[in-house]
Structure formats: C-alpha cells, structure tokens
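Engineer: The lines below spell out each chain.
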Amino acid sequence: MNQENLLNIKNLKVYFNSDNNIIKAVDDISFTVNKGEIVSLVGESGSGKSISALSITKLTPQSAKYLNGEIIYDNIDILRLSDNNLRKIRGNSIGYIFQEPMTSFNPVLKIKDQIQEAISMHNGNKVINIDFLLSKVQLPSRIKNSYPHEMSGGQLQRCMIAMALACSPKLLIADEPTTALDVTIQKEILDLLNSLKKTEGLSILLITHNFGVVSEIADRVYVMQNGKIIESGNTNEILYFPKNEYTKKLISAVPRM
Amino acid sequence: MKKFRSTGLWDDAFKRLKKDNIAMISLFIVIFFTFLAIYGELVYQYHEALDLTPNYQKTNLEIAYTSPNMNHLMGTDGLGRDVMGRLVQGVRIAYKVGIITSLIAIPIGVILGCLAGYYGGKIDDFIVWFYSTVASMPGLLFILAIAMIFKGQGLLGIYLGIGLTTWVGLCRLIRGEVLKHKELTYVQSAKVLGISSSKIMFKHILPNIFHIIIVTFTLRFPAAVGTEVIMSYLGIGVQNQPSWGLMIESARMRLWQGMWWEMTFVTIALFLLVLSFNLLGDSLRDALDPKLKD
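Protein chains in written order, with the working numbering: chain A, 1 to 257; chain B, 1 to 294.
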C-alpha cells in the first residue's frame, strides 16, 4: 500500500471558552491518514472525535479557539487558509458524511437539486451524470426526483455518500455514518465504503464509538479519551492486544451474538 | 413561485387547508375581495384613461341620503354618490395599501432578520439595536410623522409610513428562526460542501422558514388596511379617492339622524376583510409549517 501522507495533524489543540472555565475538546493530538487507507477515530461521546473531524476544514463552532498545532492536508496548511480558499477545499477535495442522514438534507429541495448544487459549487457548469453517481452508491436513478422525507435512512445515507463523492474528493470524513441506521443497513453502508476505497482510491477517516464498525473496515485505529489519543495501532493489534484499560472496555462493549 | 409549487410541500399544505372549513370560507371571502379589488382597479383605470368622471364620483344633491333601493343597493351618501361603487373603490385602495406596504416591509424584515440570525456577533447587535429603536417609537405617531412628510403626494405617504415601521415583528421572527436553523444538520452539511453563506441563507434556510413570511403577510395585510382607514379618517391619508376611512368619517356626521347604510356597509366590509385574512393566516400557519408534516 502507498504510504504517502494525505492528512497530517500535529499537536492540535482546540479549546472552548465557556463562562469561567476552558473546555479542552481536543488536547494535543497528532495523527495521520495515508492515501487509500481507512483510519478510524474511536472514543465515547464527548471524547473530542467529532470536533477533531470538523476542525480538519475549520467547521467547528465560532467559539472554538485553535491554540496550537498544524493541520497539513495534501501539503496545504489548513489553519492558515482564508475562508474563501477553505470553501474551495470543503466538498471539493474533502467530503463529509454525517451521523443523521434524516436531518442532513434540506427538506424542501429534491435530491437531484442538492446533489447538483454540490457539483456546480466546485465545477462550474461541468456536467456530471447524477444517475452515474447514484449507481456508484447502488441506488436506482428514479430516486433523484424524491424529497428527503420520502426516503428511508439507508437510502439517504447512500445519497449523502453520493453527494460527498460528487466532486471526487480524496478524503472522506465519515462522522458516525452508521449510528442512526439499523444493523443490516449498517453492514451494507460499510461494505459500500470499503468498495469505494478500492475503486476510487479514497482515503476515509471514520469516526465511531463502535469497535464492531472498526473491525469491519478500518486499517488503523486511534483511540480517543477526553480530547487525547491514548492508544493507536493497526486494527488487528488493537483488537486482539489492547494495552489501555479504556480500549479494553470499549472493545468489550461491542454486543456479540 | 413555480419553484415552490414543485416542492410538494405546497400540495400537502393545500390538502390540509381543505379539511379546515373556517379556512376555506375565509379563503373564498379573500378571493371574492381580490376580484372586487381587480374590478375596482379596472373601472378606475378605464375612467382615468378616457378622462371621465366615474359614477361613484358623480355628485347629485337631489338624491343625497337615499336609503338602499333598487338603483342604489347600498343607498347614497351626502353628495348623492353611490355607496356601493365607492365601497368597491375602497377595496381597491385597501388592497393597494396592504400589498405595497407588505412589499416594502417584508423584504426589509427578511433580509435584516437573515443577516442578524446567520452572522450573529456585531451585525446581530447592530440590527437588534436598530429594530429595538424603531419599535420603541409609538407606532401610529411614527407613521403619521412619515406620512406628513409626503403629504400631498397621494398614497405615497401611507405606503412609506406603514411600510417603514411594520417590519420589526417579522424581522424578530426571522432572526429567531434563522438562529435555530443554522445549527441544524442540513445547514452543516451545506457548509461542508463549501456552499457560500449567502446561498445557505437564501436558498437553504429561507425556503424552510417561508411559511412565516406568508403567515406574516396575511396578518399584516388587514393591519395595514386598518391603519390606512384610521389615517384617512384623521384626514392625512387618502384624498379625493373613496377610501373606507373617508367614508366612515363622512358617514359619522349623519349617523344620529338615521343614515345608517353607509357606515354599516363599510364597517361590514372592513370587518369581513380583516377577519377572514386573520383566520386564513392562522390556518395557514398550521398548514404550511414543514415541521408538522408527518
């Protein structure tokens, strides 16, 4: 596998100032994502994994302060970019998928309009076939004329992936992509992500609390707790020989048949 | 409007509205008044173009104060003019005032509300300060002051007076809704696609809160009509055209002598228009809210 770094985060600190104390949401973390690799950030709710993911394109809430660190994506220093240049990266070379597919679409726009907007945002008038995009995520093309409320959660998550893929990004950040879906659909979505990694050469940063999901597709794992990375390594290493107590607890929390 | 009709939201809203009897009756009354207004405008433009004196302006002192009969279904006023003709012209003026003041007030309220809610910070502080200042002035006096500046220029004073003072309520509502919507996931997912702020505001958030604008319009409309009537009654509104305010004012003089018809019919018309707009607005609020969809 190509070991070139696509994303390199060094000593990143993201703090929030609340009324009289400072909340260290992300506290001095470093990690890398290589090309064509699925890397997973694992941790409980509030461990700072979502804020880490959002900070990659500086989409954190306005009150967030970047105190320290570097985010190097494809040899670009993200933290030094202007808003306009950031917008060119968002959606274009970094795509996002969110946890709640049901609320992630604008309820008054048809699916095709939302996908079309994502495309024309970065490619001008270049015509990209929406049917082809939908077929990549194994959806029938008639779905493009539906409204979000007419579709199921699994279908919407696929549309979300299609939308994220519209501009052929190099990095896909999936923030709990399967949490809101039931187990059989989860499996399908994970298989889809895995096959996209192979066919499109996509790098995926997968954020989850579920080691079941990690064992399914991730190549490497970082375990987060209270804003810090406490353990990292190859998926199999971590799964079978966890060193940290917290990691052991997370692994044992996965339901087994 | 084509865009909105294709969303399917509107078909749903109409289906829900159909089940509501009061709303449907109100809708028919509103449509009826709308046709009267269009008819009034046509009559007015016809006589204007040919430079004729329309019937409702012809004075004939011999038939002054005749009670309702076959020739004059609603009787005549103190100068022998047909009350029904003047009433229809009153609808025309009322609609003009309602629509044009809305066209002034709604864009101001929507744009300022969106900017304040979306950007927050200093912009928000300034806009909140600005509308609080406008709201702190006594409404009717403020309107009268603006109208006095444009006195003698026909309806312009009324349009500007009402239009420039009544956007505050809508601005507050829109600001609050935008504040709420900008935290929702669909806005977040528009942001991660790199969509610009103005597009997010006006293409993504605004259609989702559009029902507020429609409801505000249906509630503002009768309020503006009422204000126009009060202003005309006080003598700084409409001049030389039959407005409901002027008619009520002139009918007041002889009411105690038993000349009841002018006052009665104008009041009924005003009552029906205001009530049906308000009831319709209430029902539309429920029917159009996308959150009540399922």
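Treat the hints as calculated values from the structure; they're not laboratory data. Note that the structure is a prediction, hence the values are computed from the model and not measured. Heads up, a few of these hints could be off.
Computed list of lysine to aspartate or glutamate pairs in EDC-like fashion (alpha-carbon distance at most 20 Å, straight line) [said to hold, decoys possible]: (1) A:K65 x B:E183; (2) B:K199 x A:E188; (3) A:K136 x A:E117.
Engineer: Now tell me if each hint is right for this structure.
Structural biologist: Hints and how they fare:
For the hint linking K65 (chain A) to E183 (chain B), the alpha-carbon distance of about 19 Å falls within 20 Å, and the restraint holds. Of the supplied pair hints, the one linking K199 (chain B) and E188 (chain A) is violated, its CA atoms being roughly 34 Å apart against a limit of 20 Å. A threshold of 20 Å between alpha carbons decides the hint, and for K136 (chain A) with E117 (chain A) the separation of about 18 Å falls inside it, so the pair holds.
Of the numbered hints given earlier, the model fails hint 2 alone.
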